[in-house]
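If you read the sequences in order, they're chains A and B. Counting from 1, position 68 in the first sequence corresponds to residue 68 in my numbering; the numbering is continuous, with no gaps. For my numbering, add 171 to where a residue sits in the second sequence, where the first one is 1.
Just so you know, the hints here were simulated from the structure itself, not pulled from any lab data. Note that the structure is a prediction, hence the values are computed from the model and not measured. Here a beta-carbon is modelled for each residue, glycine too, at the ideal position from N, C-alpha and C. Don't take each hint at face value.
[Said to hold, decoys possible] Facing chain B, according to a computed beta carbon distance under 7 angstroms, are these residues of chain A, among others:
#1 33
#2 44
#3 45
#4 102
Each chain, written out:
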Amino acid sequence: MTPEEIITFAIERFEKPLVSYARQITGDLESARDAVQETFLRLSRQDLEKLEPRLAPWLYFVCRNCALDYRRKSGRTLELLEEEDLPVDLCPRQTLIAEEDKQKLAALVARLPERQRELLKLKFEGDLSYKEMAGIMKMSISHIGVQLHETIQTLKKLWLTDQPLPGRLIP
Amino acid sequence: MNHTDCIDYALGELHGERREAFERALATSPELQQELQETIRFMGSLRSVTKSTDSLDPAQRERLIAACRRNITSRKRSSKIIFFAIPLSLAALAVIALILGTISSPPPTTPAPVAATSPDEEPAHDEPLIAATLPPEQGTLPQATPSLASHASQPAPTHNTNSITPLSQFSTSIASDCKPFDPENHTTSLRLGTTAPKHTRRTSENPFIKTSQTPNTFVPMSVTTDSYAHVRREILSGRLPDPASVRIDELVNAFSYPMENAQACGPYAVDLEAGRAPWNRERLLVKVGIALRNPSEDTSLLFKNVSISLKFNPELVSEYRLLGYENQGGSERIVNTLTNPPLPFSVTAIYEIVPTQQLKGDSSTGELCVLTTHHKFASDTDCRHASLPFYANALKLDAANSPDFQFAAAVVGFGMKLARNPEATSLDWSSIESLAANNLGTDATRQRADFVDLVQRAAQLSAA
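For reference, chain B alone in the conformation it holds in the complex:
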């Protein structure tokens, strides 16, 4: 019988046969009984000296409890929405598919989710998305991509499907060509202080990335909203915020988006939507909304290697960049080594893309991008994958976009104006205001209405 067993026994860590053997020895050995007693006493002492009186500041604790309660309330609310929205939207899709199927059997206009693969299977990301990329018969596609130069309501020209290559053929390995977002350099903290914390200062914008060279990017999965609180406080105090304190991602994520058109992708509900950038009609925005799929998904089970990547199609997207999340670009890391903290409940990321001539000119039916989730449950040894493509023919422009998309675009434009981004020079305050005001949605919390008021104030301050 050794000391190790004695310690393990005292700590409740001795199990099975070892425990039985130890107890048999204990019954017959006074020395062992003496040693165990000493060990237990010593551990009691250790327990008392490892205790500490360090604690949170009382005011900080009070704010923390209040913030936690708010989070619980909003989580309950969002869970309800997603819980009902997804089955409803899937049911609606099924009905539409049935109706269309009986008329002319056209190809799908809305991307269907690709089921999560089992750990043993190849990642869905690298498999050709056969069903998704079958060229539709000419003229049968009910919804073709509107040309960027034309209005959404104009009839789209005939599309050319021969040149579309399945997106999955563009890169061989996600591990080798990713520019990953580094979650370890990013904080999900919701600071409760009253001044703009240092880490929210933006030093430079993310550069455009050439899709032909780097089609894959990681979608950030962290949320802070400090910058919006700061911007709002500054404007309400009668001054425009310091441009360096304006972070677009934190502005966008300060609002909730119901994700009514979200689709299942692995354990997440994903809402992909693209439309025109308010500051440049030649550019597009891709809005990526991610939330846990239903209340039964437990993020803590997804601890290991959770990441979400987005792959742009170089035939349709010449360049792209993530708006906001500056200074967060990480070192080159392969996807399977990403170890994330648990996800916040929902995240919205917005990419600005430069369309290729093909996307601008003809209507295209290929994949604009494919989102892939990489996740691992606690018991998994291999990573699971699920993919959701976004097709160019689902691209909507201007008023055809959802209110959430248009409102988010207004928030981005607002952020760019406040950050004195030269690209937003031609965008005027009144356009931002009307874009936001026309897309309030249900706005139960009147948060969006408050934003419209903020835009008006900023416009006045800017003119003064």
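Pulled out of the complex, with its shape left as it was, chain A reads as follows:
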């Protein structure tokens, strides 16, 4: 692909996942958009043909730094999303799970600590490997595995059983 094609592809493929990922960090949509804009601008100054094989981890790494920067500047600390902050159209219509179940799972995910939500985003939206995630989150590969297992198992248990939603998952 030419650099122009790579940038077009990158924006098409990663715009939404990155805005959503950055929003989780900044806490608001506007700063998240700014962080993503900055990420793509930085990308456009790179040697795109060389970078292409590592596009996803690179974008998430840079986006994370930009978003953390915005968060630091705003002085905001964000641990738990409030109920009203939940995106309304969080889950597109799908036949895989019933709407009700999805709502419940989405609510469970929203109650996860920030780090766990970040892990899920990187894994399921970014399709990144543990190794790539470790580089982005500055954690060891084994720690990424442990944290992700714990998160998935907790969610799975709560989702499959009919337990009422706890205030907060994973202390």
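The hints should help you fit chain B onto chain A, whose structure is shown.
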């Protein structure tokens, strides 16, 4: 067989022997098959709920795509220039060296780059720059430093080399005496809005730093150009900009500089040039241009601990300050903990220096400053270093400076005037205009010509 393996297998993260063992168990255990199926289904659900419809504003996306395409185009252009300029200038240097060598074997007048050290070696920055600091024989140096009080074309007085100390002896540790630029407090964002963003407001100038106390400083590696766009818009709308919105670094970096005399320093091409400050003939400006050395250097490989420091020689430089980049001075941090975002493709930083009597009076051949790059490739555990000294005898004055230097000096002067800097009171608009107009270079984009027009308009607005 545990749940962990099941999750890792479903996520494609189970490798080698563990994977083989898991697959063997899977073949014989209906419970495990059931569990894996459940896990995969659950992950599908998770995947669907982590999806979001958040996106960029459509207009913002359109502007972003346009800006990215512009960056790609300008990157291609700059890459070509650097790709050709460096081998050519190195070849030219080699030819000159050969010719000089056959005549009288004089010491080098242009600094030679010090090769990057391997991670295991001591930083080049702390090694004596032996070749660079050998005192030249009296009278053999073809190009001596012109006295600041005299014109560049006047013959320079005999230089005194005995008092020159290698710059590398002045401080023992870069980590302990640096006043680092904090990249984490600085944005490289190129905002696309139409008003001057808050973060471009300048509150105070950087103070002069005493070289004897703090010889090391970090060169900023971020670029924004918002302030120039804002200043230009204001002037074209018929009013002078708010002085607090004028940021010199953003004005200087709004222009491209071909860096024809750049030299290799680690993974970068570095162009160092010094000359007189247009607003004060007793002061000097040091222009530091940094760009990636050739298109094959991948900035993302340099993610870890990328920084560039500049060390001034207290024997020749009494005080220095970075022009622009105000409010960016960071907390004290050691160099090896700096974790930078990827570099923009090129950066120009300008320092104003107060020369010592030694530099003013005699011609000096020592190092005025040494630039050191600290970089780490993704696979490195230790930091690599490369240094490039700038010698006082390479100092040029006034018209002897390159067009890029003189144009950048005009841009700085313009910024100081607009910022109502009291030091620029004696600098008049017409001097800035002629300095810029006489140094347009090739100006293919007519950006510099546009600047000259802007200076004229500002002069008229200021007089009104």
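Task: Hints not upheld, ascending by number - done: Nothing - there is no hint that the structure violates, so all of them hold.
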